[in-house]
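Student: Take a look at the letters that make up each chain.
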Amino acid sequence: MKRALALYAVAAYAFLHAPLLILAAFSFNRSRYTVWTGFSLDWYRAAFRDHQLREGAWNSILIAVTATTISTAVGALFAYGLWKRRSRWLSASLYLSLITPEIVTGVSLLAFYQWIFQFWRLHLGMCTVVFAHVSFCIAYVVLVVAARLRGFDPGLEDAALDLGATEWGIFWHVVLPYLKPGILAAALLAFTVSIDDYVITSLVAGVDSQTLPMVIYAMARRGVNPVVNAVSSVIVFGLGAMILISERLRAS
Amino acid sequence: MNRVRAIALTPGAAVIVVLFLIPLAITCAYSALTRGAYFGLGPPWTADNYRRLADPLYGMVFLRSFALAAASTAICCLLGFPLAVFIARSGRRKNLYLHLVILPFWTSQLVRIYAWMFLLRETGLANGILQALGIIRAPLPLLYNDGAVLLGLVYAHLPFMVLPLYAALERLDPNLLEASADLGARPWTTLSRVMLPLAAPGIRAGAVLVFVPCLGAFLVPDLLGGGKSIMIGTVIQNQFTTARDWPFGAAMSLVVMVIVLVLLWVGAGRRGEDLL
Amino acid sequence: MQPVLELRGVTKDYSAHRAVDDVSFTVQRGAFFSLLGPSGCGKTTTLRLIAGFERASSGEILLNGRIINDAPPYCRNVSTVFQNYALFPHLTVRGNIEFGLRRKGVRDMAGRVNAAIDLVRLAGKESRKPSELSGGEKQRVALARSLVLSPDVLLLDEPLSALDPNLRLEMRAELKSLQQKVGITFLFVTHDREEALSLSDQLAVMNRGRIEQVGAPRELYLTPRTRFVAGFLGSINWIDGVGVRPEAIRLTRTAPQNDVRRRRARVESAVFLGNRLQVRSRTGAGELIVAEASHSEELRPGETVHLWWTAADELVLPPEPQ
Amino acid sequence: MQPVLELRGVTKDYSAHRAVDDVSFTVQRGAFFSLLGPSGCGKTTTLRLIAGFERASSGEILLNGRIINDAPPYCRNVSTVFQNYALFPHLTVRGNIEFGLRRKGVRDMAGRVNAAIDLVRLAGKESRKPSELSGGEKQRVALARSLVLSPDVLLLDEPLSALDPNLRLEMRAELKSLQQKVGITFLFVTHDREEALSLSDQLAVMNRGRIEQVGAPRELYLTPRTRFVAGFLGSINWIDGVGVRPEAIRLTRTAPQNDVRRRRARVESAVFLGNRLQVRSRTGAGELIVAEASHSEELRPGETVHLWWTAADELVLPPEPQ
Amino acid sequence: GGNRARRLNVFNWSEYVAPETISNFEREFRVRVRYATYESAEEMLAKASTGNSGWDVVFPSNSYIQPMASAGLLARLDHKRLPNLAELEPFFQSPPWDASLSWSVPYMHSSTGIVYDASVSPPPVGWRDFLSERFRGRVTMLDDPNEVIGACLKQLGYSLNSCDPAQLAQARNLALEQKRHLRAYLNAEVREQLVAGDVLMAQLWATTAQIGIDARPSLTYVYPIEGFALYADCAVILRESDRVELAHEFINYLLRPQVSARIAAAMRTATPSAGARRLLPPSLRNNPTLYPPPETLARGEWFTALPPAGQRLRDRIWTEIKTA
Ligand SMILES: Nc1ncnc2c1ncn2[C@@H]1O[C@H](COP(=O)(O)OP(=O)(O)OP(=O)(O)O)[C@@H](O)[C@H]1O
Ligand SMILES: Nc1ncnc2c1ncn2[C@@H]1O[C@H](COP(=O)(O)OP(=O)(O)OP(=O)(O)O)[C@@H](O)[C@H]1O
Ligand SMILES: [Mg+2]
Ligand SMILES: [Mg+2]
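So the sequence lines, in the order shown, correspond to chains A, B, C, D and E. With our numbering applied, the first sequence corresponds to residues 1 to 252, in that order. With our numbering applied, the second sequence corresponds to residues 1001 to 1276, in that order. With our numbering applied, the third sequence corresponds to residues 2001 to 2322, in that order. With our numbering applied, the fourth sequence corresponds to residues 3001 to 3322, in that order. With our numbering applied, the fifth sequence corresponds to residues 4001 to 4324, in that order.
In case anyone wonders, no lab produced these hints; they're calculated from the structure. There's no promise every hint is true.
[Said to hold, decoys possible] Cut-off 20 Å, straight-line C-alpha distance, at most; resulting in silico cross-link-like pairs (EDC-like, lysine to aspartate or glutamate): (1) LYS180(A) <-> ASP1146(B); (2) LYS3104(D) <-> GLU1178(B); (3) LYS2104(C) <-> ASP2152(C).
Since the model is a prediction, treat every value here as computed from it, not as a measurement.
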């Protein structure tokens, strides 16, 4: 059983990572096409020279980190609140926000922003993108955290209360440690949907907040080139290395 | 008790009200307006957009999308469950393995799909390997069919199943698994009779997180499916882009949202569970 | 003196089922009060009502003279040792024991925590997680976690059930000395008769959600008000409608003198219980009588013996209403 | 006859710590074998090794003569009553009890399940979820869940610890009659000496991961090989290096005859234990001696009494190596 | 403040300027240009139509000019500030969509034609070849309703921009017939597969095709004999812009022959500037893909903005084609 599971996991990871390896491989291809013609670092050079890509990547990461942090904090609290007592209205709204087609979210948010901007002299920008991302990430966070909360033993809450913990003390010292894996999973999901979002972002981004997906999708209009592969590889392997190091540090 | 709940709910509720419910109201208004001459929209108010939805064409698109999304969800669940079990049981390495699941998805979806196109096309890697190994003579048509769409949808959404499942499985009391084995259950039975029911909240969350985005997917059917079929998400998207018929798009999405919400509600309610 | 804890007609209904039914009793400050009763009779529920995890369906609970029906658990200076331990799985033994002190903002807690760890004999295992402890060790962590707080009232739900007899004796002694030194009030649920009888100042016997009798141990054992109480605090033979405890029955091979109650009976089994033999024998009329004998006695099944007791040993009680 | 279960030099190491150390014993088919020992001595770990949840670090475990070190739990026809119950929270009482039968593909299980439910006195609570049960009720579900399977060997980890004495007696009787009727082999962990002594055919005393002695109850109680075993199976006074059990010490106000061992002592306390008094008294030399007396005796602290016993009551054992 | 005036926000299609175009402008005019790219005209339009997008100069296609102008989104151009307009080809000095160039300046233009691999013979000549059995399963059309329906209309001899229900119904039937021969509907992605040899023939934009042809010379671009679509992307200034002057300078800079030629050479686009074209190397200047001869060009038709009813009908037809 254990062995079979491990074998399966290897296959599953191969499935998940195959495209990643391919795009990484072609980032070293001399040709712009997916026909191997020789090794070169040109695309990396081009990527580092490309101001737009660099800025897009930086914006993407900045937005994703901010939106993930906010939506994870808000979403985890929200899930806890709903766990204490259900609220049909709030959970229905939350589900609705998940079901809403991206384009509709984007268009209506854009309209909403414009309506607000009438009252203050504001512009689309990083903030509007972050808010939009928070609004759609939050449902992912709540769902994942709520799924984990379902298994929480209320007896532990009783025990903490009994030992003099206040309600917040319980949340902080008992519930949160228990939720940690769920929160990690939720944050990873939020980060993923945020960093990869194109439709909504493209509608609410301002002049200073073009993200990497926006650059890439715009490129796709005329056919992408391996510069994108190079940037993607740098981001993934960079973040991957960071994770690996932080895991190592935590383990030791 | 209630004060904490109120404080815990407030930020989230604010986000939902301001960033979702108000825009939703705007969408509702849009759905009852008339499209402008070339783009945009305006008065008069009309129910015409809803009437046009009665067209069976859109019903068919919806059913097709629904079937594809349901199939992807089921496959994601089948593929994701053992992986989630594996991660949940790998002790100190579990965070690492968890990150490994999500890592490929920090690239743009577009780029990943291009990689799949390279893998699956006639002169692609999969056919190349199969031909080199002499397993096949002529290349297989792996791309531009429903199989490829399904593959793409499953690939794109697998983490959305694995992560909630992991969150639910990680807490599973190993004692219960031991008790099950002790009572004569083989691993497979333990999986289906003990782990599965206890991971149900995770499965539900995962199913929603896979199903809903699948319904609205447009890149995968366009690129891996070769654009030869259309999903409801693309039809809606088209209304806001090429067709520039925002009111109709708004009406269509509202109807789809209501249908999906009702389905979820009924699905959850039948088992006597709340949505969350 | 004002009682530290008082229950007045407290009732708790679960959906279909009344778990605690019109329970009233008072616990004096510094007392060791035990709650006994069959499994499922509502002991844990009573403790949960006092601790504030459940709301009483009716009745009043008073702590230090104040009605606390609606007070949240952290406003009640009581602490519970849970029947199922409820240890925090993410904290070590030390972390669990420190938990309550930290919440109170106690500074120099190392000393108190170490004392508690020593008291429950867990030195050397401070940094283990609950999942790496044996059942009895977990139970001792739960005990230490509450003891270290020195609350007004300590609610103990079978706190020694998973301990071996010697350790249990030690713990009993520690609890008793804490009661006498620190003046903590104990509300103690146990299934161990000896424990209840030897530790308690007051003792209540519950049955089906109701209190059957409250009193001092000796009083309840020697003058129970109902057959249920009599039977619950120790084994008893019901012979011709009167109760005789096994230890009151003497067993001889020769017939006894005339001025005693007696039966002739055949030994059915003699079970070795360590410090004594438990002898089950049947009279000619078919009555089963359980008696005790020294284990040095050699009794063989089938042997005929004389069982006798004095009138003073008899308990006369009305039969239970069904 | 081939033993149903045999352990040969089984050792289990946790990371830093040896929980089971070179344990060997054999259990005959149909026997009632008890495992006793202080909290944390490795009893649960031993059962877990036999059930297959842990892999032995060394040694062999044989079931029906076959080495099963590597067999997965579901291939071993043994069943465990877990110390922490491990009930399936998503199943009702009935669902939990049916679980094993379903796995075996038993068809008409309603009868067997109902019998098991009746046996553990849970009729009427079949459709409750574990979260709606009291501690003792949960324990009985765990017991029924395993009993209903009639496995070769039943591993019981303190299966009656949360039950009240009367129910415990009933359950003991049920277990014993199952053993005798159905021929199940029991491997029984308990902290209740009486339970172990009265139920067991064989009894093993563990300490710090090692088996100290194996034998029949009477043998272990009356002729223990080590001071640890002597002290573990019952209270004992160590007087001048020999052991005397409290029940062997007689207590009189007048001096005894000459041919006995004796002490004069002052009563320190007389604790009421129901069927007897536990009397702690101190000799002039400062020795503490615990004796037992009938509860009809009126003993006041400070009173001087004579304690005496016969040479036959003495246990002569070498002191423990430290 | 003053800092703000020296800043310009430009929103353009991807790969539409040479690497040094923007930086040269920045250096020469001492401004900071915020340059971003969009994926679709709708993306740009959605933002521009808010009137508060922050962009100064954007590049809509020719068919969007009139609608945007009538919606009041565009600033009227000041020709005095655009002396380089004179460099434009005569046709683009007065294009059908904006005869006096009041709102827009043509920036680059292109067409939709057929790319095929020279290995096929005889070579395809028009849209009708998409129905030919010899290509079955190895051809693709663009994934765009106007292009697909437009090609079918052309094959049927109708206008690209027809909104006549009967004509559209015919076009739909043709498209449905055509779909059976297609491997897929793909946009720029098909270039990859043309180069790799998976696809033999595809409907594609000239500029996109040219890059593929550079990589695989056996690819050829042909202007279908039944007629084809033409489009031009134009530079406009948004009405909301408060940097109109600078915007004019930018557009004028783009119109410089040297600049425009650099862009056309680097990005393989077709410049509407006669002056620029003269500066191109001959291989590009006379490239038949990018600059077809006038008699070929005469078969082309420019996309125009469609009225709501026609647009709606086309969308339904498109959905129908996709669902089939
Ligand atoms: N959440 C619940 N819902 C319904 N019934 C419950 C619930 N919790 C307990 N009960 C029932 O209430 C009764 C009293 O339970 P309680 O836990 O107080 O018993 P107890 O006296 O502590 O028993 P034990 O000695 O077995 O622990 C039991 O019959 C139990 O089945
Ligand atoms: N997972 C583990 N990791 C490390 N040590 C463990 C683990 N499980 C148990 N132990 C230790 O092994 C020893 C034996 O544990 P075991 O559970 O067998 O004791 P036990 O005899 O059943 O005790 P009790 O009567 O208290 O249940 C204990 O000291 C315990 O702390
Ligand atoms: Mg209880
Ligand atoms: Mg144990």
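Student: With reference to the structure, classify each hint as holding or not holding.
Tutor: Right, here's what the structure says about each hint:
Proposed proximity of LYS180(A) and ASP1146(B) is contradicted: the alpha carbons are some 39 Å apart, above 20 Å. The hinted pair formed by LYS3104(D) and GLU1178(B) meets the criterion: a straight-line CA distance of about 17 Å does not exceed 20 Å. This hinted pair checks out: LYS2104(C) and ASP2152(C) have alpha carbons roughly 15 Å apart, not beyond 20 Å.
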